[in-house]
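For the sequence shown, my numbering assigns the number 30 to the initial residue and increments by one for each residue that follows.
Please keep in mind that the hints were generated in silico from the structure rather than gathered at the bench.
Ideal placement from N, C-alpha and C gives every residue a C-beta, glycine not left out.
Keep in mind that a hint or two might mislead.
[To be verified] In silico SDA-like links for lysine to any residue, alpha-carbon gap of 20 Å or less:
#1 Lys101 to His50
#2 Lys141 to Thr158
#3 Lys101 to Lys141
#4 Lys141 to Cys105
#5 Lys141 to Ala94
#6 Lys101 to Arg126
#7 Lys101 to Phe71
#8 Lys101 to Ala67
#9 Lys101 to Ala129
#10 Lys101 to Arg58
#11 Lys141 to Val124
#12 Lys101 to Glu127
#13 Lys141 to Ala67
#14 Lys141 to Leu81
#15 Lys101 to Arg75
#16 Lys141 to Ser63
#17 Lys101 to Leu65
#18 Lys101 to Val72
#19 Lys101 to Thr158
#20 Lys141 to Thr69
#21 Lys141 to Leu65
#22 Lys101 to Thr69
#23 Lys141 to Ala100
#24 Lys101 to Leu116
[Said to hold, decoys possible] Between beta-carbon pairs, the in silico distance windows are:
#25 Gly144 to Leu46: 40 to 50 Å
#26 Thr109 to His50: 28 to 38 Å
#27 Arg91 to Leu46: 38 to 48 Å
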Amino acid sequence: MSKDIDPDATWMSTSTLMTRHLALGLLYRGHEYSLLPADTPFVIGRDDSSNLCVSNEYSSRRHCAIEFRDAKFVLCDDSTNGTYLRLGRAENLRVHREAAPLAGRGCFKLGKNFGSDDPDLIHFVIRETLAAE
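Start from the sequences, fold in the hints, and give me the full structure.
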């Protein structure tokens with residue numbers, strides 16, 4: 030007699046259920062940051078109290094923040110000069126006193142448009158992680 034195994038019943042009977050969580054990885058001048066939704070808001074700016082301090086002539090004291098809203102990471106600009114954002118291979122987008130969702134991978138720069146080898150680029154990647162409930 031052969032037993033048929035119902036894969037859904039087997040999955041449901043496991044003692045540990047796995048849940049997907051989003052994480053945001055940032056890379057700036059060789060320093061890596063890994064953010065979970067609970068780590069937001071993550072403030073970026075010229076002020077020493079920022080989570081990520083970026084000192085250049087175009088950055089504001091509290092230039093922007095990364096927040097987690099509606100199940101996604103969002104770049105919220107509060108600056109005088111704006112933030113330039115590139116999602117994947119798309120063209121650069123200026124975000125000024127507004128919010129833009131971060132998706133996939135890309136980079137951004139505070140206050141001034143950028144080229145591909147700019148040392149002030151902040152690279153990002155959105156990752157999905159699995160965690161036990």
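Do the hints match the structure? See the list:
no. : hint                        : result
1   : Lys101 to His50             : holds (10 Å)
2   : Lys141 to Thr158            : violated (33 Å)
3   : Lys101 to Lys141            : violated (25 Å)
4   : Lys141 to Cys105            : holds (16 Å)
5   : Lys141 to Ala94             : holds (17 Å)
6   : Lys101 to Arg126            : holds (19 Å)
7   : Lys101 to Phe71             : holds (14 Å)
8   : Lys101 to Ala67             : holds (12 Å)
9   : Lys101 to Ala129            : holds (10 Å)
10  : Lys101 to Arg58             : violated (25 Å)
11  : Lys141 to Val124            : holds (11 Å)
12  : Lys101 to Glu127            : holds (16 Å)
13  : Lys141 to Ala67             : violated (29 Å)
14  : Lys141 to Leu81             : holds (17 Å)
15  : Lys101 to Arg75             : violated (25 Å)
16  : Lys141 to Ser63             : violated (25 Å)
17  : Lys101 to Leu65             : holds (11 Å)
18  : Lys101 to Val72             : holds (17 Å)
19  : Lys101 to Thr158            : holds (14 Å)
20  : Lys141 to Thr69             : violated (24 Å)
21  : Lys141 to Leu65             : violated (28 Å)
22  : Lys101 to Thr69             : holds (11 Å)
23  : Lys141 to Ala100            : violated (29 Å)
24  : Lys101 to Leu116            : holds (14 Å)
25  : Gly144 to Leu46: 40 to 50 Å : holds (46 Å)
26  : Thr109 to His50: 28 to 38 Å : holds (35 Å)
27  : Arg91 to Leu46: 38 to 48 Å  : holds (40 Å)
In summary, the structure is inconsistent with hints 2, 3, 10, 13, 15, 16, 20, 21 and 23 from the numbered list given earlier, while agreeing with the others.
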